[in-house]
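Make the full structure from the sequences, and use the hints.
As they're listed, the protein sequences go chains A and B. Quick note, the first sequence lines up with residues 0 to 339 if you use numbering that gives the first Met the number 0. Quick note, the second sequence lines up with residues 0 to 255 if you use numbering that gives the first Met the number 0.
I should point out that these hints are in silico values taken from the structure, not numbers from a laboratory. As the structure is a prediction and not an experimental result, all values here were calculated from the model. Don't take each hint at face value.
[To be verified] Beyond 12 Å from chain B on every Cβ pair, some chain A residues (computed):
hint, residue
1, I30
2, A35
3, A50
4, V103
5, Y160
6, G181
7, E182
8, Q185
9, M306
10, V325
[As the list claims (entries may be wrong)] With the C-beta cut set under 7 Å, the calculated list includes, among others, these residues of chain A facing chain B:
hint, residue
11, T208
12, A215
13, A222
14, G227
[As the list claims (entries may be wrong)] Chain B is faced by these chain A residues, among others (derived, beta-carbon under 8 Å):
hint, residue
15, T207
16, N219
17, S226
We put the beta carbon where it would ideally sit given N, CA and C, even for glycine.
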Amino acid sequence: MKILETTPKNTRKISIFWIEQLSKILRFREINVTIAFLILCVFFYWQSPNAFLKPANLAVIMRFVTTFGLLAIGELFVIITGGIDLSVGSMTALTGVITAILMVKGVGSIPPLGIPISIVIVIILSGLVGLWHGFSVTKLNIPPFIITLGTWLMARGLAAYITRGYPIVFETNFPFLSLGQGEIYQIPIMFIILVILAIISSIMLNSTTLGRHIYAIGGNIEAARVSGVHVNRIRIFSYVTSSILACFVGIMLASRLGQGTPTVGTAYELWAIAAAVIGGTSLFGGEGSVPGVILGAAIMGVMINGMVLLNISSYLQNVILGIVLVVAVIYDTLRKYRGK
Amino acid sequence: MTAAPIVEMVNIRKSFGAVQALREVTMTLNHGEVLGLVGDNAAGKSTLMKILSGAYIPDAGDIFINSRKAHITNPEDSRRLGIEMVYQDYALANNLDVSANVFLGREIVKWKLGPIGIMDKKSMEAQARNLLDRLKIEINSVRLKVEKLSGGQRQAVAIGRATAFDAKVIIMDEPTAALSVAAIGKVLDLISGLKSLGSSIIMISHRLEDIYEVSDRVIVLRHGRKVADCPKSGDIREFRERIVSYIIGARDDFSE
Numbered sequence: 000m001k002i003l004e005t006t007p008k009n010t011r012k013i014s015i016f017w018i019e020q021l022s023k024i025l026r027f028r029e030i031n032v033t034i035a036f037l038i039l040c041v042f043f044y045w046q047s048p049n050a051f052l053k054p055a056n057l058a059v060i061m062r063f064v065t066t067f068g069l070l071a072i073g074e075l076f077v078i079i080t081g082g083i084d085l086s087v088g089s090m091t092a093l094t095g096v097i098t099a100i101l102m103v104k105g106v107g108s109i110p111p112l113g114i115p116i117s118i119v120i121v122i123i124l125s126g127l128v129g130l131w132h133g134f135s136v137t138k139l140n141i142p143p144f145i146i147t148l149g150t151w152l153m154a155r156g157l158a159a160y161i162t163r164g165y166p167i168v169f170e171t172n173f174p175f176l177s178l179g180q181g182e183i184y185q186i187p188i189m190f191i192i193l194v195i196l197a198i199i200s201s202i203m204l205n206s207t208t209l210g211r212h213i214y215a216i217g218g219n220i221e222a223a224r225v226s227g228v229h230v231n232r233i234r235i236f237s238y239v240t241s242s243i244l245a246c247f248v249g250i251m252l253a254s255r256l257g258q259g260t261p262t263v264g265t266a267y268e269l270w271a272i273a274a275a276v277i278g279g280t281s282l283f284g285g286e287g288s289v290p291g292v293i294l295g296a297a298i299m300g301v302m303i304n305g306m307v308l309l310n311i312s313s314y315l316q317n318v319i320l321g322i323v324l325v326v327a328v329i330y331d332t333l334r335k336y337r338g339k
Numbered sequence: 000m001t002a003a004p005i006v007e008m009v010n011i012r013k014s015f016g017a018v019q020a021l022r023e024v025t026m027t028l029n030h031g032e033v034l035g036l037v038g039d040n041a042a043g044k045s046t047l048m049k050i051l052s053g054a055y056i057p058d059a060g061d062i063f064i065n066s067r068k069a070h071i072t073n074p075e076d077s078r079r080l081g082i083e084m085v086y087q088d089y090a091l092a093n094n095l096d097v098s099a100n101v102f103l104g105r106e107i108v109k110w111k112l113g114p115i116g117i118m119d120k121k122s123m124e125a126q127a128r129n130l131l132d133r134l135k136i137e138i139n140s141v142r143l144k145v146e147k148l149s150g151g152q153r154q155a156v157a158i159g160r161a162t163a164f165d166a167k168v169i170i171m172d173e174p175t176a177a178l179s180v181a182a183i184g185k186v187l188d189l190i191s192g193l194k195s196l197g198s199s200i201i202m203i204s205h206r207l208e209d210i211y212e213v214s215d216r217v218i219v220l221r222h223g224r225k226v227a228d229c230p231k232s233g234d235i236r237e238f239r240e241r242i243v244s245y246i247i248g249a250r251d252d253f254s255e
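As structure tokens, this is what we get:
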């Protein structure tokens, strides 16, 4: 009897010990993501020293990081409050298409609008989509997964419907194209925009009452409510932020590609969520940071780029990225285990 | 001790549909007093306290705070009058640190730009530290996340949080229900400490030994009516027997 009782207890003790040791080493999440990122950079530089650090190649990585970094920041705002936004990929397509239509073709009898007016209009439209998400989640109590899945279908369908499936092409010298294609000192303008928006959103989450309340809602929504936090208003704000960031990406991709394409951004929402998770965001809410998700996007960007440079089959690339994602989630769980 | 009570609730009535939750309940709380509020489930204790904290609006009856008629229609009104409620399930955000929880919803702001305020984290941390020291709550750092604290420490933070903003009256709903024996002792010490610092406290509890230890007076509710309002007296055994007989309906001081 005694032996039967003690054996499983001991093994459990030992496994807890190892889990604790392992998670102690891995405690500082952002530091580890940074280290992982640097190791990857060194590795790919070592493997292909001529190509990896070339300005043109770095620009490719930076554009990738911009696209998924911005979408991931939007997801971060929503995920911290305990929600999810599946619409962002489709929203990039819809907003890109609308931008192109407003700038190139005009609507009905209205002639093409100027660049700034067109941009303001798409931003307002996507803000309304975000409002709709927030309203449905807070007032109608619809699960965010479902309401944003609806938009995921509708936005993609609408983008294809209003273009009849064809891209709307800008002329090659259209000034709007410098937004996505231009560079300053070999740094893509897109990337500079990402850095500015990342700094703003990081300050917002860390140093403002708004950011604190976003985290509080993710931690304990009832506690936030009885503490006088305007819970619904803040949740709506986070969905609006996500939609507007998706709109920024849509505008930049349209500029980058020189056309508004209804097929752009397919499955980008999933890549954005993956970047957020790799960067330490908890899908249960209450945890995650802007530097984290940018690093998550950067890890994905460097890996995809590096694997292309190393001539790794694109099928295998997906397998490897999937493994990275799963490892990140397991790591997250181990860290939680230690916290308990 | 001032003569006039700090809180008077007079002839409070409240119904939920056909159910009369409170029938003309009158309750007073004196300055610097710990009042125990007991009764069986659905006796109306929580309803009465939710009326005082602004979560419910009574159908009839008046509330006086320091002898002045008060109109409490929402939790903010009640808070403005210096009434704070500590909830049974701590009502803390576990992913935030102690200082963030103490100031949740009332962050100290350096400067404001429309609805967005930049927080003054340093003064919040310093004030949270002061608060813990004043109440003798043992927590190493106000930067510790609440999820790293024990149950007793969490309840202490929740109580400390309620007292942080000049609360005159603190309502505690089952503050010891979810705690270990050792933690209960600390929380009861904390309640006594608050009393000596001048707070007036209403404590709802099923644990009569806790009521006996800290309270000066006990009110018993039964089926929405007050059946007893008496100072604490006797030893714990007599006290318990007497209170239980009120709770189960064997005694009633206010029957018509």
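These are the hints, each one checked on the structure:
Every CB of chain B lies more than 12 Å from the CB of I30(A), the least distance being 17 Å, so the non-interface label holds. With a least CB separation of 23 Å from chain B, A35(A) remains clear of the 12 Å interface cut-off, as annotated. Non-interface call for A50(A) relative to chain B: holds, since the shortest CB-CB distance, roughly 42 Å, exceeds 12 Å. Look at V103(A): its CB is around 36 Å from the nearest CB on chain B, clear of 12 Å, so calling it non-interface holds up.
With 12 Å as the threshold on Cβ separation, the claim that Y160(A) sits away from chain B holds: the shortest Cβ distance comes to roughly 37 Å. Non-interface call for G181(A) relative to chain B: holds, since the shortest CB-CB distance, roughly 31 Å, exceeds 12 Å. The non-interface label for E182(A) is consistent with chain B: the shortest C-beta to C-beta separation is roughly 33 Å, beyond 12 Å. Every beta carbon of chain B lies more than 12 Å from that of Q185(A), the smallest distance being close to 35 Å; the non-interface claim holds.
With 12 Å as the threshold on Cβ separation, the claim that M306(A) sits away from chain B holds: the shortest Cβ distance comes to roughly 35 Å. The Cβ of V325(A) sits about 24 Å from the closest Cβ of chain B, beyond the 12 Å cut-off, so the non-interface label holds. The restraint placing T208(A) at the interface with chain B holds, with a minimum CB-CB distance near 5 Å, inside the 7 Å limit. The beta carbon of A215(A) comes within 4 Å of a beta carbon in chain B, closer than 7 Å, and the hint placing it at the interface holds.
For A222(A), the shortest C-beta to C-beta distance to chain B is roughly 4 Å, which falls under 7 Å, so the interface hint holds. Of the supplied interface hints, the one on G227(A) holds, with its beta-carbon coming within about 4 Å of a beta-carbon of chain B, less than 7 Å. Given hint, T207(A) at the interface with chain B, holds; its Cβ is 5 Å from that chain's nearest Cβ, closer than 8 Å. Hint status for N219(A): holds, given a least beta-carbon distance of 4 Å to chain B, under 8 Å.
For S226(A), the suggested interface contact is upheld, since its CB lies about 3 Å from the closest CB of chain B, less than 8 Å.
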